[in-house]
Amino acid sequence: MRPWVGQLHQQQHQQQQQQQQQQQQQQQQQQQQQQQQQQQQQQQQQQQQQQQYLSLARVKLCSYAAAFLRSIRQQRQQRQQQQQQHQQQQQQQQQQRQHQQEQQEQQQQQHQQQQQQQQQQQQQQQQRQQQEQQQQQQQQ
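Residues are numbered in our numbering as their position in the sequence shown, beginning at 1, plus a constant of 7.
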């Protein structure tokens with residue numbers, strides 16, 4: 008065998024080894040890419056889960072806030088109703104007082120009228136007595 012044939016063989020062998028190494032490197036790169044893709048997918052899943060959790064939390068917060076607002080509104084309404092009832096009671100009491108005063112005034116007026124009538128009757132009696140006395144005097 009000529010020496011250059013041996014060199015050719017060696018070169019071919021080296022080239023084959025280099026090709027194999029390149030193939031291995033490519034495979035490794037592909038594996039790395041796959042791993043990166045998997046990591047990205049995991050990250051996306053985590054983000055989705057976080058978003059779901061956040062949206063759930065938002066919904067819960069909104070419902071809590073709505074319930075809180077409702078309770079505040081109810082309390083306000085109850086307070087207003089109580090105030091209105093209190094005012095109504097006060098008005099009723101005032102009306103009752105006025106009514107009582109009116110009744111008392113009427114009673115006083117009636118009493119005065121009775122007294123006046125009694126006085127008139129007494130005066131009439133006195134007048135009669137005087138007339139009788141006068142008549143008696145005239146007769147004498």
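FYI, nobody ran anything at the bench for these hints, they're computed from the structure. Among the hints, a few may not be true.
Stated by the list, open to error - Pair ranges (Cβ atoms, derived):
{"id": "1", "residue 1": "Gln137", "residue 2": "Gln97", "range": "40 to 50 Å"}
{"id": "2", "residue 1": "Arg65", "residue 2": "Gln45", "range": "23 to 33 Å"}
{"id": "3", "residue 1": "Gln30", "residue 2": "Gln52", "range": "29 to 39 Å"}
The model shown is predicted, which means the values in this text are computed figures rather than measured ones. Think of the CB as a built atom: it goes at the ideal place given N, C-alpha and C, for glycine as much as any other residue.
- Item | Index of numbered hints that the structure contradicts, given in increasing order | 1
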